[in-house]
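In the order they appear, the protein sequences are chains A and B.
Its first residue numbered 2, the first sequence is counted upward by one per residue in my numbering.
Its first residue numbered 45, the second sequence is counted upward by one per residue in my numbering.
What the hints contain is simulated information worked out from the structure, not anything from laboratory work.
Take every hint as true, because none was put in to throw you off.
Derived pair list, reagent style DSS-like, types lysine-lysine, alpha-carbon separation capped at 30 angstroms: (1) K4(A) / K106(A); (2) K651(B) / K114(A); (3) K117(B) / K185(B); (4) K8(A) / K185(B); (5) K117(B) / K4(A).
Only some residues are given here: those of chain B computed to face chain A with a beta carbon under 10 angstroms: (6) P119; (7) K185; (8) D189; (9) K582; (10) S652; (11) L660.
Just so we're clear, the structure is a prediction, and the values are computed from it rather than from any experiment.
We put the beta carbon where it would ideally sit given N, CA and C, even for glycine.
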Amino acid sequence: MTKGSVKFENVTKSYGEFVALKPLSIDIAPGTLCTLLGPSGCGKTTTLRLIAGLESATAGRILIGGQDVTHLSATYRPVSMVFQSYALFPHMTVLENVAYGLSVKRVPKAEAKDRAETGLELVGLSGFGSRLPSELSGGQQQRVAVARAIVLEPEVLLLDEPLSNLDAKLRRHVREEIRQIQQRLELTAVYVTHDQEEAMAVSDRIIVMKNAEIAQEGTPHDLYERPASAFIADFIGDANLLDTEVIATGDETRIRLLGQELTLPLTAKHTGAAKLVLRPHQVRIGSETLPGSLPAEVTYAAYLGNQIQYTLKSEAGEIFAVAPPVAQPFRQGDNVHFSWADNAPRIVMT
Amino acid sequence: MTRTAAIWLFVGLAGYVFLPWYMTPHGFWSFGWVIDPQGGGESGLYHLLSGRFWLVGPLLGILAGFAVLGIIKPPIARSRGFIITATAGLALMIAQGLLIKNAGRAAAEVSLWQPGMGAGAFVVALSLLFVLTSGISGLGKGRGDAFITSLIGLIVALVAVFVFYPMSFILVQAFALKGGQGYGISEFLPRFFDDTVWSLACLMGSGYCGAAVNSLVLGLSTALGTTVMGLAFALVFTRTAFPAKPFLRILSILPIITPPFVIGLVLILLFGRSGTITVYLSDFLGTEKTRWLYGFWGVWLAQMLSFTPIAFLVLIGVVEGVSPSIEEASQTLDATAWQTFHRVSLPLMRPGLANAFLLGFIESVADFGNPLVLGGNFNVLSTEIYYAIVGTVADPAKAGILSITLLSMTLVAFLAQRKWLGKKNYATVTGKADNGQNAALNPGMKWACYALALPWAAFTLVLYGLILLGSFVKLWGYDHTLTLEHYTRAFGMVFRNGVHFVGSAWDSYFTTLTIAAISAPLTALVGLLTAYLLVRQKFAGKDAFEFSTMLSFAIPGTVIGVAYVMAFNFPPIELTGTAIILILVFVFRNMPVGLRGGIAAMSQLDKSLDEASIMLGANSATTLRRVILPLLGPAILAAITYSFVRAITSVSAVIFLVSARHNMATAFIVGRVENNEYGIAIAYSAVLIVTMLVAILLLQALIGRRTLRRTDRVQTA
Numbered sequence: 002m003t004k005g006s007v008k009f010e011n012v013t014k015s016y017g018e019f020v021a022l023k024p025l026s027i028d029i030a031p032g033t034l035c036t037l038l039g040p041s042g043c044g045k046t047t048t049l050r051l052i053a054g055l056e057s058a059t060a061g062r063i064l065i066g067g068q069d070v071t072h073l074s075a076t077y078r079p080v081s082m083v084f085q086s087y088a089l090f091p092h093m094t095v096l097e098n099v100a101y102g103l104s105v106k107r108v109p110k111a112e113a114k115d116r117a118e119t120g121l122e123l124v125g126l127s128g129f130g131s132r133l134p135s136e137l138s139g140g141q142q143q144r145v146a147v148a149r150a151i152v153l154e155p156e157v158l159l160l161d162e163p164l165s166n167l168d169a170k171l172r173r174h175v176r177e178e179i180r181q182i183q184q185r186l187e188l189t190a191v192y193v194t195h196d197q198e199e200a201m202a203v204s205d206r207i208i209v210m211k212n213a214e215i216a217q218e219g220t221p222h223d224l225y226e227r228p229a230s231a232f233i234a235d236f237i238g239d240a241n242l243l244d245t246e247v248i249a250t251g252d253e254t255r256i257r258l259l260g261q262e263l264t265l266p267l268t269a270k271h272t273g274a275a276k277l278v279l280r281p282h283q284v285r286i287g288s289e290t291l292p293g294s295l296p297a298e299v300t301y302a303a304y305l306g307n308q309i310q311y312t313l314k315s316e317a318g319e320i321f322a323v324a325p326p327v328a329q330p331f332r333q334g335d336n337v338h339f340s341w342a343d344n345a346p347r348i349v350m351t
Numbered sequence: 045m046t047r048t049a050a051i052w053l054f055v056g057l058a059g060y061v062f063l064p065w066y067m068t069p070h071g072f073w074s075f076g077w078v079i080d081p082q083g084g085g086e087s088g089l090y091h092l093l094s095g096r097f098w099l100v101g102p103l104l105g106i107l108a109g110f111a112v113l114g115i116i117k118p119p120i121a122r123s124r125g126f127i128i129t130a131t132a133g134l135a136l137m138i139a140q141g142l143l144i145k146n147a148g149r150a151a152a153e154v155s156l157w158q159p160g161m162g163a164g165a166f167v168v169a170l171s172l173l174f175v176l177t178s179g180i181s182g183l184g185k186g187r188g189d190a191f192i193t194s195l196i197g198l199i200v201a202l203v204a205v206f207v208f209y210p211m212s213f214i215l216v217q218a219f220a221l222k223g224g225q226g227y228g229i230s231e232f233l234p235r236f237f238d239d240t241v242w243s244l245a246c247l248m249g250s251g252y253c254g255a256a257v258n259s260l261v262l263g264l265s266t267a268l269g270t271t272v273m274g275l276a277f278a279l280v281f282t283r284t285a286f287p288a289k290p291f292l293r294i295l296s297i298l299p300i301i302t303p304p305f306v307i308g309l310v311l312i313l314l315f316g317r318s319g320t321i322t323v324y325l326s327d328f329l330g331t332e333k334t335r336w337l338y339g340f341w342g343v344w345l346a347q348m349l350s351f352t353p354i355a356f357l358v359l360i361g362v363v364e365g366v367s368p369s370i371e372e373a374s375q376t377l378d379a380t381a382w383q384t385f386h387r388v389s390l391p392l393m394r395p396g397l398a399n400a401f402l403l404g405f406i407e408s409v410a411d412f413g414n415p416l417v418l419g420g421n422f423n424v425l426s427t428e429i430y431y432a433i434v435g436t437v438a439d440p441a442k443a444g445i446l447s448i449t450l451l452s453m454t455l456v457a458f459l460a461q462r463k464w465l466g467k468k469n470y471a472t473v474t475g476k477a478d479n480g481q482n483a484a485l486n487p488g489m490k491w492a493c494y495a496l497a498l499p500w501a502a503f504t505l506v507l508y509g510l511i512l513l514g515s516f517v518k519l520w521g522y523d524h525t526l527t528l529e530h531y532t533r534a535f536g537m538v539f540r541n542g543v544h545f546v547g548s549a550w551d552s553y554f555t556t557l558t559i560a561a562i563s564a565p566l567t568a569l570v571g572l573l574t575a576y577l578l579v580r581q582k583f584a585g586k587d588a589f590e591f592s593t594m595l596s597f598a599i600p601g602t603v604i605g606v607a608y609v610m611a612f613n614f615p616p617i618e619l620t621g622t623a624i625i626l627i628l629v630f631v632f633r634n635m636p637v638g639l640r641g642g643i644a645a646m647s648q649l650d651k652s653l654d655e656a657s658i659m660l661g662a663n664s665a666t667t668l669r670r671v672i673l674p675l676l677g678p679a680i681l682a683a684i685t686y687s688f689v690r691a692i693t694s695v696s697a698v699i700f701l702v703s704a705r706h707n708m709a710t711a712f713i714v715g716r717v718e719n720n721e722y723g724i725a726i727a728y729s730a731v732l733i734v735t736m737l738v739a740i741l742l743l744q745a746l747i748g749r750r751t752l753r754r755t756d757r758v759q760t761a
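This is chain B alone, in the form it adopts within the complex (with noise of 0.2 angstroms):
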């Protein structure tokens, strides 16, 4: 414990001393600021001898560490000294950050003025965390393992900085005063209850409604569509002998690897103004070419067909999880099979139900990208807080309080599903061996099953065949003549003299390949970290540590997007428009789905492996990497290829965070969908589902075929 104590607090005052305490002009890894002497290079000691006297706080912490250090000795004291000083040395620096900010930026260099923090805070500040951390584990806490306490200590420090945070300007945003006048609660309660918000009108049939009702209207319908559409699919998947059961499983994957809008884009293909079956419609049967698509029933196709195989995913589970042998005892006590179905199943399989509707929910209510493209004059949520922030006016108190609306939304569906489903356990998969047959649906349940599912399944074939067609297509509806120009304009090479990313779209798409080829191990990092604290460790606080980390699941893109330009535009944290800013936001947007793969994989690792590498006298540290992460291959590959895929869909949150320096391939697309260029719109999206199917595909090869062989091992005892 001193030892590491000892260290850090010598990392700590290097740090001050040597490296640059503010933002550097070129970013840090580019090193001008070591020659540089107007590169802002300074120390944090620089700047305290000239004149910025409040970063002694962070010093005075160090120092004294290195008194408690030199002068206690009882163990038990000493932590409680280390304890006290690093808590003083972190109060005191984040008070600095906080309070002075630009307060006097126009007046001159003497005045209470700091640019964001740079490397050298930031390593000040991990160092007194550290030592606080030891502290606390001399103390005899996370049974005296310094790398434990750490760990904590550091999770639950960057879930404090960039989820709670960011969320706190949006809370302090919507009370904000017109005019920047201070804040007050006398413009909230107006603004928060306006018709534009929860206007009833469409209802009564004049007018629109509030996008509050549309965003919640929405969201239970197409719960409850894609819930129903995904029962359908899980039934005959596992219920019936449907021969072509593969493809069926394929269809389930392809709208993960899709952008969220492009379902959209397509469909404007095919019953958009000029879409294929509109003009084919009003050409034949004489009807009028209606704008039906763009409003509540186009953004709702679209997120059926973009939820349903989430549906899927989580209902066949929950099918499969019903044991065959309680179906077999049922049909021994004389039940038909659609009694059993009835009465026995079904009430089985209702948690799982209920979490598949709510999924669907939070999904909805976040999307971004279909009502976006979709939307018309039906407003929602989540694209209105967007207009909120870019519109003409940009008024950051109305996406505060829209957000606030959001958010709420998609917390109480999120705790209803904690609360509900958390506790209660249906599944009826024991250790037992159970080699039993499941009931087949009775006729009738199997073809409205079949009915359902199948033409849904050729419809979304369909759209997925138009993703290629369209991006050949000179000018949808009008010129459909084949053409390469899309692809060309997009992603042209010029071979002189090297080869020259001429296309319009490879600045985005190289930025993307890289944000998200950084931000994915590190998201599977965090997330398996904190799978381990979480799995394998007893710790006070507990509870409300998970529930903080999950939290983030569900806080919508749109949502975080807008808490990350309040809170990162300015000291002491100042990140808008550089490439962190987008790394951070995957990291922790994405964090629960390595969470959970993690918590799932660890639980099916016996304890007691860790804790024989313990009595081994190896330390935490040693453990997870020599026991731990070779045991958990799988989960890793999983959560590395799923964040590197939402890296590269997601659009809600990062389209309010690129910059010209770095863009990424979905906001391009949208501004191109903005300008109606479909065709480049679509070739790019094409490109990109290509892109994430070879990644997924070299990934398994890389770390899959080694890890395999490793997982036929685990066969313990």
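Chain A extracted, bound-state conformation (with noise of 0.2 angstroms):
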């Protein structure tokens, strides 16, 4: 069954001079929530745009379920979209927003209102119907405008930035809800944010853009744990990169790293400069010096209650490194020793 996919056949689009998407491909599975994420610029709400009809390709084609739409304009498109300001319209009760599509695609009045009072009902706001947008807090437009956008019945949902506009607790909140009701009706959704903690906790799969294309694609797991650039180890998670040098590999990896040589159970992709991934939490550090531990000297400590934050200099690069509580912690101006968990770090090519 195609009905729900969103299929992109080296799309791109440019302004004038301005190239704002280089060819791209996707695939998005029907009923699965994927998420394009990337730093401001990188092309994600173009693409977003692309899909909904808001913007036209300047080449390629775009499928959605299967059927070309490429030439046709967002009021006929199978897709809806939550935005990031909300854009509820604030002359009409939150009924009449909800039931605004249905009225304008001429469904019975009776039926409209039902289908809305439902819609509302899945977001949980029965009863906010005849309010004003404006007398609803900011968790509750957004809710609002996810039950405008899905009474239509979408294939697609598009949601551009959901979560920017609240507060940060609302926001995990807000992000489970949404979650779930995806899963509940099995909807395909785009999900466009620059957050990638949001985007770890909501997605199946994540598309991570940069300078208008592809930078990786794959689930959640995949990006964190296999990241193929130090653009994607350092933007998924937080990740000290360390500059290192690849000699020699195979079923092992050696590599260079403060004049030291040491074997990492993984395999590079070819010899050569590379970068090493290390996770914060992965560091340890101590004051001796062990086999395959490196020098660095404290430049920071912050005490913060549940954990201890360092900033570490190594001739490798700066280390930020996140260590339990102790009664005796590092300080600034120690002169320490780091290692890591054996099958901890990654190695990205430079």
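Got two chains here, separate frames each, mind docking them using the hints?
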């Protein structure tokens, strides 16, 4: 069944000289939540708006549910969208907002009202129908926007940074709700965000974009555990990137780091200059020289209650590390040695 | 796309087969043409079959469109087909209209002659245009939305036909040779550089200057004066603790609802030969009664009074736009109030000052009413154009040449304004809350501003008092007995078997109100739709589109009046003497006003509101109707009010276009002034001012109340 699938075939978008999207091919499976993740200006919003039909592709083909919609105007595409600003119509009540899409499609009034009320119920806002959007809190407005988008029973639901206007605590709650609704209705959803934690939390699949093209795509687990580049390693979860060199690779890899030769239980792509990816929680700090440990100096230490954060200076670069709280933490200026658990680090080529 | 095109093809065919192709003698809406066999109600098809073979062009366009609809199936090729056939049909239609005019009017029926286009032609042209635009949308332009491409096409066509087409006549006429011997450059240059236009004699102290020189000097002086006065008022308003600020606001609105020459009239009551002050001075001080008012100084004074409020309204925004925190920063750096003003605030206001100056210049050289009333021997371009058309010897070539001169001046100012001010943005108001205090003026500046502004405000107030007083006085300067005579003569009513409007002014009064009431919503509609396209849509040639729609702001009323007379006096579009031409001239002259208001208002509406509506399956037309227009309430009100007022007070363009059947209030008043019937003229002006005040209040009560409640809700997200 292809209903709800989204497919790009070498789609490009440029504004005059400016290239907003290099040839892009993606394939989103029906019923999944796929996130477009990346820093601002990476082309993720352009991609979303191309699916929506709010921008027209410069070249290439866009298929939704197996049907070519490249030249179809946004009005007639089987998608709906939740906007960053919610874009609730301020002159209509909540119920009128939710029923708007039905009413412009000439659904009979009584039926439109019923379906809109069902939609509000789904997002837990029954009884708020007669209020104006301005009389709701930010989180409630957010949910009205979701209800308005899903009462049309779209093949694909688009979400453009839907949580960015909410405060941090509410954000986690609402993103769980969105994920639950998406799974319950088995909707295909395309979600745009620049927040990697949010992306990791909600997605079946993540497409990371950079400079108007795909940097890497995969499941959240793939991206975190097997970053294809220094950019991904740094962008998905915090990472320390240490300058290193791959001397030999095979079933194991020999690298040179801070003058020492070390063996890692992994396979690198090839030999040459590379970065060692070391997550902050993987760093182990000690005062004594052990085999395989490397020298560094503590330049900053902060006690946060549940953990201690260190910034270390080493020849291979700055290292950010978190450690469980202890009675005698290291202090600024201490000379220490750092190491890691055997299978912890990853190698990305530069 | 295909459905839209098909519908318009049928509409076009129906228009061709059933509607009267040419203008019907008694107007379309009287429907006399339906039954009257002699009424000229014959359709395009009838005319085609009875010998007017050239009418086959548009029909071919429509039929070819049907052929495309039936034969070509692939959407892209079909869209191309529509574009080609509709363009061809339109081109053939325009060509026959321009080529076959009254070439052989004297000869028999078979001759190449036809009257002006009527309802049928209009419908056919519109249908072909929309088939063309839906074809374009089928190629994916305008996001594939036929409504958008059609709207763009419609507005481009309207501006082309009602702004550029008439303006081209001015250009052509300017090159006309004497005695109708065709066109050429041989007479243009000598006439263009003629002494009556460019003479500098008055500067040397001998004789009169040319009209262009006069206009230029007057324009610069008025622009300078109004900018200084406007700044003084703006500073008093925003940077002092002056107690009667609301009063200044009211004073700034009054001239907007005052017909342009009324100030001139009242000045005559004060400073004219038998004016109060002139008489007083000669009686008590023994000075001579002079005619100084009739000339440069009189016109300048009247324009200063008329246009200072415009500069004030521009500059108050600018002065308020200087962020208090910037001035506070300057003061914490130990600058004095004067240093802060001189070195920080004033430079920030510079673009606003330039804007006010250029606006003042455009208004001054385009002004027609004040020079007409007070000019005397001081000839300016706008009045010279008028006399070239209505004078004893009509000289369209001269009118054309003078119009080009005047147009060049306003265009240069308009272009300068756009070029210099378009890109720089000195506005220091940011999205952040700004709670500081604007620096107060230093005492010297403060008293200088008071000294300029307050006597001027008092003077303006006296003048408005005189408008009222003058209308009740029998003959100003000679017989000061109070009387209602002027009102009864102009607005007399007899109650016998119903109401009879016997006053001489009623006809023009009702015509004015009707035409203003029809044109105001149309103006607002065209302006707001254009603003919607400019703010919300992206399309090729948008800059040129914006420029051409704004252009009519720079065209002086006199020039557009002359252009309309020249262009619409004969087929293919024959409109002189009708009410339609008056409505059209108002719509396209005042459109920039609605446009600017619309752009400002629409820029404040989050674009995601439209996009949300589109994503929910509404098309652009529905979005416009159900989301954007309801949220634009106040802007719509402002646009309607302003175009209504401008339609009533306008004089320069309409004076060429009024006819016995459709006379306008301002033209009527100018006629009374020319007969020295000042009493009636002033009484009528007072009635107009009161009418407009009532209309504004009514409009606000009707639309304003509802929209105000709605705008209170515009706190999205």
